[in-house]
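Protein sequences, first through last, are from chains A and B.
Going left to right, the first sequence walks through residues 0 to 322 as numbering that gives the first Met the number 0 numbers them.
Going left to right, the second sequence walks through residues 0 to 259 as numbering that gives the first Met the number 0 numbers them.
I should point out that these hints are in silico values taken from the structure, not numbers from a laboratory.
The model shown is predicted, which means the values in this text are computed figures rather than measured ones.
Check each hint, because a few of them may be wrong.
Derived DSBU-like pairs: lysine-lysine, alpha-carbon spacing no greater than 35 Å straight-line [stated by the list, open to error]:
id, chain 1, residue 1, chain 2, residue 2
1, B, 39, A, 36
2, B, 92, A, 91
3, B, 248, A, 96
4, B, 248, A, 192
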Amino acid sequence: MNSISVQDLTKVFVRQKKLPGLVNSIKGLFYRETIRKAAVDHISFDIEPGHIVGFLGPNGAGKTTTLKMLAGILYPTSGKVSILGFTPWERKEEFKKNIGMVMGQKQQLVWDLPAMDSFELFREIYEIPTANYKKQLDRLVTLLDVEDILNIQVRQLSLGQRMKLEIIAALLHRPSVLFLDEPTIGLDIVAQKNIRDFIKSYNAEEKTTILLTSHYMQDVKELCERIIVVNHGQIVYDDKLSKLIADHLQFKILDIVFSEPYKGALEKYGQIIECLDLSAKILVKCDEAVPITTRILNELPIEDINIAEPEAEEVIRELFKNA
Amino acid sequence: MIHILKVYAKAISFSVAQATIFRTAFFLFYLWLFVDTLIKVLFFSAIYTQVNSIGGWNFTDVFLLVVVNGILWDMVWCLFLSGFEKFIEDFSKGNFDFILLKPMNPLLYITITGFHARSFSGARLPLLLYAILFLPISWPFLNIIAAIIVFLAGIVVYHALFAIVASLAFWIIDSEPILDFSFSITEGSRFPVTIFPKALQIIFTFIIPIFLVANYPVMILQQMTSPSFALTAILIAIGSEVIAFLVWKFSIKHYSSASS
Numbered sequence: 000m001n002s003i004s005v006q007d008l009t010k011v012f013v014r015q016k017k018l019p020g021l022v023n024s025i026k027g028l029f030y031r032e033t034i035r036k037a038a039v040d041h042i043s044f045d046i047e048p049g050h051i052v053g054f055l056g057p058n059g060a061g062k063t064t065t066l067k068m069l070a071g072i073l074y075p076t077s078g079k080v081s082i083l084g085f086t087p088w089e090r091k092e093e094f095k096k097n098i099g100m101v102m103g104q105k106q107q108l109v110w111d112l113p114a115m116d117s118f119e120l121f122r123e124i125y126e127i128p129t130a131n132y133k134k135q136l137d138r139l140v141t142l143l144d145v146e147d148i149l150n151i152q153v154r155q156l157s158l159g160q161r162m163k164l165e166i167i168a169a170l171l172h173r174p175s176v177l178f179l180d181e182p183t184i185g186l187d188i189v190a191q192k193n194i195r196d197f198i199k200s201y202n203a204e205e206k207t208t209i210l211l212t213s214h215y216m217q218d219v220k221e222l223c224e225r226i227i228v229v230n231h232g233q234i235v236y237d238d239k240l241s242k243l244i245a246d247h248l249q250f251k252i253l254d255i256v257f258s259e260p261y262k263g264a265l266e267k268y269g270q271i272i273e274c275l276d277l278s279a280k281i282l283v284k285c286d287e288a289v290p291i292t293t294r295i296l297n298e299l300p301i302e303d304i305n306i307a308e309p310e311a312e313e314v315i316r317e318l319f320k321n322a
Numbered sequence: 000m001i002h003i004l005k006v007y008a009k010a011i012s013f014s015v016a017q018a019t020i021f022r023t024a025f026f027l028f029y030l031w032l033f034v035d036t037l038i039k040v041l042f043f044s045a046i047y048t049q050v051n052s053i054g055g056w057n058f059t060d061v062f063l064l065v066v067v068n069g070i071l072w073d074m075v076w077c078l079f080l081s082g083f084e085k086f087i088e089d090f091s092k093g094n095f096d097f098i099l100l101k102p103m104n105p106l107l108y109i110t111i112t113g114f115h116a117r118s119f120s121g122a123r124l125p126l127l128l129y130a131i132l133f134l135p136i137s138w139p140f141l142n143i144i145a146a147i148i149v150f151l152a153g154i155v156v157y158h159a160l161f162a163i164v165a166s167l168a169f170w171i172i173d174s175e176p177i178l179d180f181s182f183s184i185t186e187g188s189r190f191p192v193t194i195f196p197k198a199l200q201i202i203f204t205f206i207i208p209i210f211l212v213a214n215y216p217v218m219i220l221q222q223m224t225s226p227s228f229a230l231t232a233i234l235i236a237i238g239s240e241v242i243a244f245l246v247w248k249f250s251i252k253h254y255s256s257a258s259s
């Protein structure tokens, strides 16, 4: 049985149009035009137990709305969802005890108190037996290396430290399904890496099903074998990340280092990705890579040139553009 | 039920921890509550140097009304109003999401975790003690019991009232103006009911029952009305809570959260 099963899920928001300016603000007090927008548009997918799946898309693609429907926060306009056999928006207590959610841009820990106080309150709310609570807390604290900050007011902690504690809060009750909505947003590279390592090892040990959204491709590359890409509320890709890169590998990147500063035109060779005085990156079609490289070597002052495959970021960006 | 009581006990200790973090603020708040009640008492004392009675209420009646009303508001803030206020403040930021994730009825969660220890400082109690010791009062036992029942029913009515106000957030997102408006309406409960026109007395006793809250306990204690009013108060409290629950249940389906 799948942990997560989604069929034809749709969410239409009715928004009021708000025009800028004083006159429009006053007009808006009496009349506002409404717009219906499908934030999520008939999406379907299944996730097997224990898998980590990346849920990707540009801003406004419908990622967070989908996650919120799967977590039971929002009612859908139509469609069916089963999470561990539960319909999320029925909001049964047993369902809520089996899921966890981390929202990178919001926090549930109380600002003025140490995280331990919040954890204790959550222990009671989730009815976690004391022994299980202690065991799980000790484990999470060790894995995330946060022993020193448990009794410091949350307001005095760094963003990275707070995120680690937010993750603990979401995992205290050992949920079988975890929704991670941009858990590494705003963190420095070291903190991002720590969180990724933690998610990887926790998933390996607990076999928790994880649906992850992130704008950082490093998160996705390290954690998710499978990705679901959404754009304008619709799924545009659902398969392995490696397959996506292979399928979309129609381009190569020429990574050029000039022997002297070069200011001439490069557009004739391909699409310029980056252009500096002593270096440039040009996107060229796969089958044209070798002849164009030869031309560049003959025509420009070259110190070094390298033919590289596009990074996952570029493939995804291309996918968004074409969708 | 045991589970709810355990969460409540934890929420109380949580709130005490919060209240005592900022010590100076804690003591200043206590002082403010005491001075606030004292000023109101002095205000009415000044009026009663000019008149003997306002709408049939003498100085002792009004003194008790001011003190009981103060204690009542402390309890309302302490038991749930802080929770509703925080809910309304945070609502537009989408922080309600986390409440919906908790394995507990959201209205119950907001009520329980809204416990605000600092509000229940007991700053009004010295004035109540003064009334009992120095003012000419004699309260029959039955009236004391009935007054306590009506007082508790009043707290339930306020819970229902502010739950309805909070549930408006699901429709209008920013319900702070409505919250402020309800504070203005409930201000009327600290004045003697009989100074208002009959129509307003009926509206604010049975339809928006704010007079039930502080006026009637004092009226029962001072034998201005029958202790049997306690039964009516219980019915009004139950009715209010049922209406609030239905409004909340209907409104929560309208929740659209906030974008990330």
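The hints, checked one at a time:
{"no.": "1", "hint": "B:39 with A:36", "in the structure": "violated (54 Å)"}
{"no.": "2", "hint": "B:92 with A:91", "in the structure": "holds (25 Å)"}
{"no.": "3", "hint": "B:248 with A:96", "in the structure": "holds (21 Å)"}
{"no.": "4", "hint": "B:248 with A:192", "in the structure": "violated (43 Å)"}
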